[in-house]
Each structure stands twice: as structure tokens, then as C-alpha cells.
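Visitor: Read off the chains here:
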Amino acid sequence: MYIAVKGGHAAISASYELLAQSRSDEAGIGALSVVQIEQQLGLLVSRVMAEAGVSDRKLAALAIKQSCGDAVEAVFLLRAYRTTLPRFGTASVLDTGAMRIRRRVSSIFKDLPGGQVLGSTFDYTQRLLDFSLLDECDSESNKNSSDQLAQDVKSGSDDEGFSSPDALSKLIEEGLIEAATADIGDPEPSDITEVPVQYPVDRCTRQQIMARGDEGWLLGLAYSTQRGYSFTHPFAGEIRLGMATVSICPSELNFEIDIGEIELTECQMINQFVGNAELAPSFTRGYALTLGHNERKAMAISLIDRAQRVDEFTEERTAPAQDAEFALAHADSVEASGFVQHLKLPHYVTFESELELIRQLRAEHLNSNGSIKGDTDV
Amino acid sequence: MSNFARQDEQALLIVNGLGHTYGGLQALKAVSFELFPGEVLAVVGESGSGKSTLLKILSSALTPTSGEIHYRSERFGKINIHQLAETRRRELARTEWGFVTQNADDGLRLGVSAGANISERLMALGVNHFGHLRDQANSWMEKVELPSARIDDLPRNFSGGMKQRLQIARNLVTHPRLVLLDEPTSGLDVSVQARLLDLLRQLVSRLDIAVVLVTHDLGVARLLAQRTIVMHRGQVVESGLTDQVLDDPQHAYTQLLVSSVLV
Amino acid sequence: MCDVTDRAIAAAPNVFRLHEGAALSAEHRSPTPAYSFAYLDEGTKRMIRRAILKAVAIPGCQVPFGSREMPLAYGWGTGGIQVTAGLIGSDDCLKVIDQGSDDTTNAVNIREFFSRTTGVQTTESTRKASIIQTRHRIPEIPLTEHQVLVYQVPQPEPLYKLEPRRSETQKLHGYREYGLMSVKLYEDIARWGHIDESYDYPVCVNDHYVMAPSPIPKFDNPKMHQMPALQLFGAGREKRIYAIPPYTNVESLAFSDHPFSVSPNEHACELCGSTESFLDEVILDKQRTLWTCSDTDYCKEQREAKHTGVE
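Residue numbers (the working numbering), protein chains in the order written: chain W, 23 to 400; chain R, 1249 to 1511; chain V, 13 to 323.
Just so you know, not all the hints are guaranteed correct.
Quick list of in silico lysine-lysine cross-link-like pairs, DSS-like style, CA-CA up to 25 Å [as the list claims (entries may be wrong)]:
1) 1304/R / 183/V
2) 28/W / 318/V
3) 132/W / 192/W
4) 312/V / 235/V
5) 366/W / 173/V
6) 298/V / 28/W
7) 140/V / 312/V
8) 1304/R / 1326/R
9) 235/V / 140/V
10) 28/W / 312/V
11) 318/V / 140/V
12) 1277/R / 1304/R
13) 183/V / 66/V
14) 28/W / 366/W
15) 140/V / 28/W
16) 183/V / 173/V
Hints listed in this document are in silico derivations from the structure and should not be mistaken for laboratory results.
Throw the hints in and build the complete structure from the sequences for me.
Guide: Laid out in C-alpha cells, this is it:
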């Protein structure tokens, strides 16, 4: 006699067991600590922080450990946690010009006030697998490489970094680059984590969506703008990485207090100039700001930012990257991952309805045609 | 006042002092005219004359910077089309008005069948009987001389002339009172043009539709329109009965236009 | 319009009664770290309830809401979960089904979630439940005025396959311009003689808005019409809530000469013998297929009735 399938509960419990096992230290070689992840997988930690919209390295590292290294899953964990956190205020506008910089480059200047500071970067390394890293363990950590470098990697060190004005300030003064002015009335940006996004959206909203967006998706879109799907002649005006002070103005005090520092990556891309009968030609700008150290992402965002400013410069919208609704509605990795993967859920009822319809249509086809084309010979 | 005005008839469309400026450029200045039911008015001019701007304003795609347009609606009475609520304007666009675009692709749903294209306006009015919709679609395919065997075909696969006919059917199915025709024969072969114009002439007269016909082609104006206005640099330089304007032009520009065309 | 407001007010007690329950049990047992009752903070629940009230006042209209990231993935029912979380109170009784069954993995997961975060009583019995959260089915046993049915919705926009831009479809709903949908239906009849939707079959609510009922089989559509229970629809990823107040007209789109119809069952349930309920096709081996009720609670009730000889 047929017995209906039961046991969903048992199946789920078993799946938790297996997951725990796959994450556990079976070989007894030492469990990965959250601190190790935070310090030695710092760039992954930065990525997770940015996409989760949470500036907390330890929590991001914890999420990475719990998710067995799946970045999207880690972002999801952190975002879900973020939902439970109380919101007690909005920070004052960050002054990125006053950042304590540990890395700063500009491709448009040979040299500039404050200098080009290479900092810690893969950019000029040769990508040769370093097999000596296989044998590296606690006692053999690279004491020979400068302690200075090691300190660079650790964030929050008080005596590290210098501050420098915006590389572009002189050009802005000369009127060669559009000034970064606020919109009319300087309206309060709408927080996309509280107010649902409805297209068409303004630039502030686009920036928020991209700041939390999936790096891979944004990278692809930005790449497309360089290959002809719209084209904005970009130059890297300034990329800076460092610590920015966060201040709030609590109503009880009625004056500003600094509550700490967060690590930020800022990128300003200089793009083709525009001008018309009234306005003299000047360069335009694409902008990006991300939590943590995320250069690739910041550069990608700033390319897309400029590409989407079509209406401001009455340019033609021809490419996918310029179509904000298309480009941004699919940028969120947690949403995308959820919906794509939800196809694994049972769909047998909807499938049964489709089966019924197709059987009906085939029966009707058979009636009118006498045979069904496409059937293999019986 | 138009010679065409029938006894006791009120104007269907009154355009008064229409002007449009953008970016320091005056595209249109002091355009005024009246249109009566069943009348065809040709707006003739070359590119840059302002006739496209006029058309955009008439179809309410653009709001003029000065002047106004009053329309006598069957549903809403006498209204100022740019002050009317958007919902009502869109309703009029689906029922009392028609707009046959220059490029048929813009005025059709290329991905659904000819029959669906024709039925859409009827369905928007609440016609919910598939059989009736199909009958109407068939009837209109016949009226615009499209082969009824192609009622289920996609307009994507139609020739330019056929697409235009379908566009006409799609617009006329709700018996609109006012139709805008934007260069209806442009891009079509000469023989196709002639037949299309003939069709338009018959339909317009039979259905008593008022038409604003925008064209650079004086031959089209002569064939279809009772009255013509000539536009140059955003202004109306001459207006009157089509034959008079074309045979005995008064304004220098009209004379130039007429003499440089083999009509 | 009065009609709708009256119904909205009548439906409101359902919403507010449950809210009282939530306030009382703020100090209810909860796991560490301390989470709010039903996981969401009170401010978020208030925001959701406001969206629900607006949705109830405009039947079938999609109301945007500030959907939060939940501990379950988008696509797994976060919208339904947020709606339920906004409503549920300590004296509620919750049933969760997926594909009509209480025992499918996702239903189990969601029920566990609410159990952990509220301590509220859960049940597999449709009759006993005050809130039923469902994915892809409407229960076979008719619901009452004292119940709320919460649907999990993947795609709230009925026109999305015809027009992907939400900025456009928003206008179309606002202007009641459903030409895109009507030509699609015309095409289906012209091509197949049928309307080509077997699930998530579009409906017209309260003679006004066209609505996506979620991927329930068209078999279930008639149940929505004049249902005594409040029907709420939550789409978490798309961030929309919509509602059908009790006793509202819900009509599946069709032509008068090609009316909406549900084909009668060709089989009976192997376990309880029902020919009235929606059946799952189970393939046993190459030769044998059998059919069982998708609604497991209904099937159980039928079997028990047969046993005791009760009609």
C-alpha cells in the first residue's frame, strides 16, 4: 500500500549535522579562528562588509567562517543580523578629504600634493603562485618582511596614515571638473534598507544600491562600458583607501561627537567633458564609496555611476549599464541568490498543473492531426 | 472661419496661439486653426518648419509653453487637452483619438498578431467576447484591404504598406473623431503610396473623421485635404483651401515650395 | 467605495486583535541573543501592518513595503514570513504548508522559525489554525471569518512577463490600462483555443485591479472569490504586499465565450478516495502511477471520516 512521504523534519535535522561536519576540524589540524580570518583574509572580509552594509570586521569574519567561505552566504548572514540591530541615528556627512590615508593613487597626475602612495596592493605583483606559503605556519610568519607592511594590513592603528586634500581640488578650482554640488534643496537621501526602491531612482539611491551590490555583477557592467556598450572615456582621478571619522549629533547633547573610525575606499573617475552654448566644457565625474578595502568594486561603481547620469547630460541611453532599472534591480547578490536558488524548492504542484495543460493540448492536437509530430517511433 | 463648416456645427478642435520654446529656441509661434468634424487639414512644411513639434503638442506628448488647444469630447464635453487629467487624456487616446505614426513599428505591437492589434482598443472598452472581437478584426482587415488569412500573423512579418494599413485599422476600430496622420506614406513604394492614400480618402469620408495630416509631400495634401496650412520656421505663413494654396500661392515661401516640386 | 472601506474596517479587528497578543508577550521566552517576538522589531512590524491596512483598503493593489532581510533566503517565503510576523500574537495558532503539505522541508523550516521566535502554538489542522501561511496552494477545507490566509508570492506583478519594467507597469495599473494583458489572452485563444496559464492565473479583484494570485494552480482560483477569510499576499524580494478583504469579488480573467473553467479530476485519491481535491501525481515505477491529495490535512480528515463512517 502506498504510504505518503513524510520526514521533512528528520531530513532537515540531518542536513544540519552534515553541514556542521563539513565545517568542523575533522583532521584535527586546528580550527580556523575568526581572528585569523579577519586578519589573513582581510579582502574577503572587506567584500562581505560592503555587500552586507555593515562595517564590522569581526562579524564579517564570523559570517565567513559560518558560511564555509561562501561569500554570498556570508553576506546573507550579516544582513540578516543587521535587520535585528536597532537604528539610533544617522551620521553626519563623512569628510573623506580628512581621511587617514594608507593608499592613494591617481592616474592623471605624475605627482601630486601628498604623493602617490602605493600601499599594500596586488597591482604590481607578478602572479606566480608562492609555494612557500604552503609551509607557512604560526612560527614561521614573515618576520623578515617589514613590520611596517604588517601594520598596514591591520586597520585602526593610530599612528598610521596621512591626510591629503582631494587630488582633484586644483582642477575643480580651475573649473575644469564639474563641482560636486548638492542637488537643489540638498534633499535627505532615502534609505533603501527602510524605504522600498521604486524606479526611476535618483543618484543617491543608485549609489546605495551599488554600494551593497554584488561585485561580480557590477564589474561585468563596468567592463561593458569600456568595451563600447556606452563609452565615457574614463580616467582614474583618485582612488583612496583609509580611515574616516564617523560623527553623530545626538539630540541629548546637541553637538557633534566622534564615535569612531571606519575603513573606506573612495574612487573618483574623470570622464569625457560636456559643454553647451551656455556652459563651458568641463570634465565630468563618476563616483563611488564602499566600506572596507574594495578597489575593484569602487572603480566599477564609479564607471557605472557616470554611465547612468545620461539624463543630466542629455546623452543617449543605448547600453544595458545605462538602464538603471535593468542594471540595478539585479545587482543584489542576496536577492539574486535567493530567487535563483529557490528553484530547488518543491514545485510539484505548479508542475502538475502544467502537465495537465500540456496533456490536454497534446490530446487536442492528436484529435485534429491524427498523430503527434515529434514523438519518436513506438 | 472655415468654408467647410456645416450649418450649426461647432468646431471639434480649436488651436489658439500655440507657441513652444525650448532651450532658447522658438520651435513654434502663434499657431492657430480650427478643425471641424469630417474635415482633413494638411500641415505642410519641410524639416525644421515646426510641424513635428505641432504634432507632438496635438498628441499631448508635449505641453506647449504658450497657447492652448480645446477639444470637444463626446465623453467629457469641451476640454483643454493639456489641462485634462492624465487618466482621462489616456482614455481619449484609446477611444476618441487616433495617431497613425510615421514609422508603423512605433504604432503597433509587433509581437502579437494582426487580430490582437486590432482588438486591443475594443478590449480596453470592455468588449469581452472573443467571437465578436474576431469578427470585428476580420471586418477591419477587409476594410483596410489586408488578406484575412493573415489575421493570426505577426506584423513583424508584414511589408511596410501592410503595417501601415494595420496601424490604420488598429486606430479606427473605435471610430475616433480625430485622427493625427504623421507622414503616412513616407518610406513606401510609389504604387503602394497611391493605394494607401486612396484607402485613407475613402475611410475618412465614410467615417466622417476629422484629420490633421502632417506631410512634406504636397501631392498627399492635395489628394486628401480640403484645407492646408503651410509652416515655415515655426509659423503659419499661409492657409486656405488646398487647391488655392497650391495653385495660387501668395507667400514667397509657399511659392518656392510649390515651384520646386513636380506636382 | 464605502463598500471597500467597510470591509477594510471589518477586516481590521483580525489585524489588531493579533497585535494585542504580540504586545503582551514582549517578555515571552526567546532564545539568546535576545530577539524580538517573531524576530522583527516592533517598528518593523508596525510598518508591515500599515502596509497591510493600506492593501486591505485597496483590494488587489500592490503596496510597496520596506522588506527586511530575514534569516531565510529570498525566494523561500520572506514576504509571507514578514506578513505573518506582523500579525502573529501569543494566542494565535499557526499552520504552515507548502505544496499543500505540512511536512515539506520548507514548511517545516518556517514553522520551526516561528516556533523558535514566538513560542506560539502550531498545528497541522486547517480548522484549528488562526493563521495559515501557504506556498502554492489554498487549503481544500473552506476557511472562516476568524482565519487569515497568508500567501508566499515570488512575483507580485501580473504583467511582468509582458513588461519587465516596474516603472511602466506601475503606471498601467494606475491608469487601468490592461491592453498588454488582454492582447495576450486574445493570442492564447487564437493560438491554442485556451488561455495558456495553468498556475498564477491572473484575476481581477473587486472589479478593479488585475492581480497575481501567486503560483497556486488555477484549480484553486475559485476559492478566492468571496472567501470569508482575509487573504494577504507577501512578496519579500520584490517588496510588495497586497490583499483581498473578506467577501470580495475575485474573477479569473477570460472571455465570455471562453469562460474560465477547471477540468474535473480524472482520478481519485489513492488514500482517501476524494475526487474533489487537487491531486499530486506520484510515479511509483515504470508501470504504476497513483494520485494522492496534495492537501495532507484534508486527506487525513477524509480518511478519518471514512473510518468512523461519518459523512
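Visitor: All the hints need checking, so say for each whether the structure fits it.
Guide: To see whether the hints hold, each was checked on the structure:
1. 1304/R / 183/V: holds (21 Å)
2. 28/W / 318/V: holds (22 Å)
3. 132/W / 192/W: It holds: about 15 Å lies between the C-alpha atoms, which stays within 25 Å.
4. 312/V / 235/V: holds (20 Å)
5. 366/W / 173/V: holds (21 Å)
6. 298/V / 28/W: holds (22 Å)
7. 140/V / 312/V: holds (14 Å)
8. 1304/R / 1326/R: Status holds; Cα separation ~21 Å.
9. 235/V / 140/V: At roughly 19 Å apart (the allowed maximum being 25 Å), residue 140/V and residue 235/V satisfy the hint.
10. 28/W / 312/V: Distance ~13 Å between residue 28/W and residue 312/V Cα, so the pair holds.
11. 318/V / 140/V: holds (20 Å)
12. 1277/R / 1304/R: The given pair, whose Cα atoms are some 15 Å apart, holds under the 25 Å limit.
13. 183/V / 66/V: Judged against 25 Å, a Cα distance of about 19 Å means the pair holds.
14. 28/W / 366/W: Holds. Residue 28/W to residue 366/W sits at ~18 Å (cutoff 25 Å).
15. 140/V / 28/W: It holds: about 21 Å lies between the C-alpha atoms, which stays within 25 Å.
16. 183/V / 173/V: The hint holds at about 16 Å.
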